[in-house]
Amino acid sequence: MAAARKKKKRRSQAPVALVYFVTVLVFMGLLAALSVYLLKEFNIIDDGSSEDNAVVSNPVFTNLYARVNSKGQLQDATIVRIDPDKQKILVIPIPAVTTGSIDKSMTLRDVLADGGMTKLKEEVEDLFGVTVDNYMSVTNDAFERVADIFDGIIYTPKEELYYLSKDNDSNDISISKGELANLSGRQIRLICQYPVFSNGMQGNTDFLGEAVSGMINHAFQQSAVIMDNLDNIYDILTANSDTDLTSDDFKLQKSYLKEMLTSGSTPAEYICPEGTWWDSDEAFELSSEFKAELRDGTAEETTAEDSAE
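Note that the sequence shown covers residues 1 to 309 in our numbering.
A hint or two may mislead.
So the derived label-pair ranges between C-beta atoms look like this [to be verified]: (1) Asp231 / Ser184: 21 to 31 Å; (2) Thr276 / Gln221: 29 to 39 Å; (3) Gly129 / Lys258: 23 to 33 Å.
Hints are computed from structural coordinates only; laboratory data are not their basis. Quick caveat, the model's predicted, so the values are computed rather than measured. Don't be surprised by glycine CBs; every beta carbon is placed ideally from N, CA and C.
Taking the hints into account, I'd like the entire structure generated from these sequences.
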């Protein structure tokens with residue numbers, strides 16, 4: 001009789017526990033709903049209502065390419081900024097002997113030798129007031145091969161370009177003033193570094209900007225070929241390269257480049273850095289005015305106006 005009463009008492013506790021459990025669940029549900037409401041009210045989370053008003057803009061990619069010789073020494077550098085939204089590619093050639101932003105006794109060539117591409121990227125960012133997304137060292141061989149894929153450039157010098165290499169061989173340069181020359185990758189690379197211009201290294205820097213922007217525009221004129229070779233170009237450039245451009249970075253940039261290549265435009269322009277060359281072209285000091293113009297965008301506008309003329 002007592003055992004029956006105990007059994008009956010234990011059974012009577014189950015409904016009470018169930019009611020307590022359901023009450024807790026309901027309270028937790030109300031608390032969660034209140035929390036979500038407050039988060040939405042104070043814009044801590046997105047309720048999706050602004051999706052229709054969201055503006056999606058294309059990113060701008062700024063890459064730094066540093067051409068190095070067989071000893072790993074910096075020969076020259078180039079900033080290439082790709083703006084898919086504006087269908088524009090800006091090229092800025094940089095002399096290897098450009099002095100540092102703080103230490104004027106250090107050139108970019110010294111910076112690369114002492115700290116590698118990471119330090120070179122930081123110095124270029126400080127000098128030009130830009131943010132570099134990715135950097136890449138480029139060997140002479142890689143430069144020439146990619147230039148040949150772009151089919152080189154058509155170039156007409158404003159003065160006679162003449163230089164005999166130490167071996168007096170195929171590395172010699174001889175182009176008459178006003179001559180229409182179809183330059184291969186090797187010829188472009190040699191003119192970039194040989195003392196063939198009457199205004200010294202300033203002429204080499206100008207030529208580098210004209211050559212790189214010209215190659216890009218030439219590539220856009222044969223877009224189908226270039227689109228088929230984008231992966232090949234990436235493999236050539238990154239072989240034996242100090243770079244932070246990963247395959248995922250490249251895939252993202254490639255998706256925008258392929259869309260740009262279908263436009264049929266010639267989007268590349270270049271602006272040459274302004275500043276002061278020291279005696280015997282041993283160093284180049286960038287002017288603060290140029291940095292300000294580049295930051296404000298007025299340097300790019302001037303280039304666009306000059307191209308239109």
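Kindly confirm whether 29 to 39 Å is satisfied by the beta carbon distance between threonine 276 and glutamine 221.
-> 37 Å, holds
Starting from the hint 21 to 31 Å, judge whether the C-beta atoms of aspartate 231 and serine 184 obey it.
-> 23 Å, holds
Cβ separation of glycine 129 and lysine 258, checked against the hinted range 23 to 33 Å | Taking Cβ atoms as reference, glycine 129 and lysine 258 lie about 30 Å apart, which means the hint holds.
The structure fails none of the hints (numbered hints given earlier).
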